[in-house]
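Number of protein chains: 2
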Amino acid sequence: MKKYESLSKPELETLLNELEASYKTAQKKGLKLDMSRGKPAPEQLDLSNGLLNINIDDSYISKDGLDCRNYGGLTGIPEAKLLFAELFCVPVENTIINGNSSLNVMYDMISRGVTHGVMGSTPWCRLEKVKFLCPAPGYDRHFKITEHFGIEMITIPMTETGPDMDAVEKYVNGDKEVKGIWCVPKYSNPQGISYSDETVRRFANLRPAAKDFRIYWDNAYIVHHFDDNNQDEILDLFNECNKAGNPDLALMFSSFSKISFSGAGISATSASKANLDFIQNSMQIQTIGPDKLNMLRHVHFFKNLDGIKAHMQKHAAIIKPKFEIVLTKLAEEIGGLGIGEWLNPKGGYFVSFAAMPGTAKTIISLCKEAGVTMTEAGATYPYGIDPNDSNIRIAPSFPTVAELNQAMDLFILCVKLAGVRKLLQG
Amino acid sequence: MKKYESLSKPELETLLNELEASYKTAQKKGLKLDMSRGKPAPEQLDLSNGLLNINIDDSYISKDGLDCRNYGGLTGIPEAKLLFAELFCVPVENTIINGNSSLNVMYDMISRGVTHGVMGSTPWCRLEKVKFLCPAPGYDRHFKITEHFGIEMITIPMTETGPDMDAVEKYVNGDKEVKGIWCVPKYSNPQGISYSDETVRRFANLRPAAKDFRIYWDNAYIVHHFDDNNQDEILDLFNECNKAGNPDLALMFSSFSKISFSGAGISATSASKANLDFIQNSMQIQTIGPDKLNMLRHVHFFKNLDGIKAHMQKHAAIIKPKFEIVLTKLAEEIGGLGIGEWLNPKGGYFVSFAAMPGTAKTIISLCKEAGVTMTEAGATYPYGIDPNDSNIRIAPSFPTVAELNQAMDLFILCVKLAGVRKLLQG
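Line by line, the protein sequences are chains Z and P. Per the numbering used here, the first sequence starts with residue -16, numbered consecutively. Per the numbering used here, the second sequence starts with residue -16, numbered consecutively.
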């Protein structure tokens, strides 16, 4: 296909007329589709329906003898810790189990930093300024947390091997106001990038200027590949930090939100004993304990890591064809036109589309006016501002295959339309 | 019975010898009993075992059409709101449903005050000093929260009609550093006192010096009476605040922790729309939503307020005989001796014992050394310091009847022994 930028003005004008006509036709279809959030589809949730009728009325005592119906068990039950420890490849004693939302656990971690510092450091609310590094495009809800607490966010460019580590090292090792970095190390949100071994090692070997700097490592997609025979493996940060003599550097989060139920899973935190002791010091004030019955349900349903892996194959069977639709349509319709770029992720929940600079807002607005909701433009950048107005997060999981086909056709039309308009504006 | 203080020195010494001998015998029994926490007994938890095998695999869609397995529903599902609204006598639109721990919700509320203030006020972390009023004896975990955030706690004496309202009005209306007061208005922890109508009205008519002052109203024992025909009724604070033109004054909390499962219930916050809007502004950053499946389970199991009331009668049938043991033994063994006072609560989870001043620590230590764990002395006061060293919280719910008989016999022995020792010391 011919690149749009190589077309003459008359060619572009002819194309514009065709695209405007197609768009008017599309608008009349009255679509009402949502590709804005990384929500599992109902068929994916059905895979875990066994959790809805599981009977634990003769097995509510945990392995350590706790009545899971009653108070107690601040850090979760041993059998759930074991399940997560296997998933994380972290020693079981370095794992605590939390409630249904790992986002909430991360929010609490930041909130605690603001009010109490980290492991004895000055509470961040008493400091002039606190900064966080935000690899972007990234997860909007991470950025919203740091924004909510008035933390200054510094954008770190993403590369195909993870965050730009030269920039990360410069800031972390040189600026004691930098207290953390948000990371989604595997099948990153939204690009689906998995950090290279070198990236993980450079993380583990940081020499932070701030002693309370931590890597906020959100392993949301740890087993979320599309194909067992073609998956990314990332180095174990916990292990690498220990090797580097930096045992307290990493705070690692994970959850079952995209394994069992998004609204009713369990989540976990893994970190060094010193970090966990500090965290528990607040947790014991905050709650008498998490919902241990839901932990039991998960342990009974999934049993072990093999159970989780087998379950994730079923997720992949549903989600892989949807990604194929997105990637095939993009390749066939946009490839070679010079109006957009994307990566082909092996897992995760998103395709990240880099539109021609200055067109993302227009594309999303055009989609919206024809009935397809995309993630807000800029959402993947700190403060919701994409300096290039280029990145668009495509979330293919929730719509049906038929809906996705319609939505992608419209999306592609809008990308082309916005591209031609932009070129004609010069 | 003759008051100990009217005994002669030789009489006291004879008594001391008898009590020391009895104590030595008791120590040999090798008891291992715990009366320290307000935990429901296993038989109480059994009442809700229906929640352990309830089947919701064909009914996971909420009344407002939400798939409860998926993300979303930040403030809970309508049917759970209705259940709590009935319980609270608060409009359903003024209620949001939270996770398994109302303590966590209260912790979050204080934490949010520290980082963000309340409804636009200056964040408390930016103020020189923040104070909370703590009616005492009170709930140790409330006091631990305010202590954790470095908030200065001011003890307010409890009376038989609730906190000393003269003191409350003086502080709240006169000192803008006073940002809140902890209240357990019905069957208070630990005394079992229910606030009088006048007390509630005086609360509703406060004119706080600080616009971000709130009443933190922990209605933990709202339906937790021992006898349907002999229960306390308290005025509805929400309604009274509205009548007084103070709609934003109250933040009300409740939970199913002592209705269904202590570790796996649901909880709720009720407040004015302005307060809830402010709270949700943070909540939407904090989490994508609570566990809605557990809300569904509760709605299916309890159905409505009548269902809850019928269920609570079964709790009462188990818990009432235990309170009778405590109160009967105290009356028969300590009554008239002048070495301790207590109230006879009509509900709740505790009996509060006021030992002879200066003896509480000794009594608890004596109990401990003979195998019975009581709540730590001083726990019911801010900073864990009871200025009179007098208050002891008795939690009769968890032990069996047989255990409770043994534990109370030992407790009474220790009260007598500590009393006689004290009198002999002069």
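Heads up, some of the hints might be wrong.
Given that identical chains are not distinguished, each listed pair holds provided it fits within a single copy or across any two copies.
[Stated by the list, open to error] List time: in silico DSBU-like cross-link candidates among lysine-lysine, alpha-carbon distance up to 30 Å: (1) K303 to K405; (2) K159 to K112; (3) K292 to K344; (4) K159 to K329; (5) K15 to K46; (6) K159 to K(-15); (7) K292 to K12; (8) K46 to K351.
FYI, nobody ran anything at the bench for these hints, they're computed from the structure. Model, not experiment: these values are computed from the prediction.
- Query: Does the structure break any of the earlier hints, and which numbers would those be?
  - Reply: 1, 3, 4, 6 and 7
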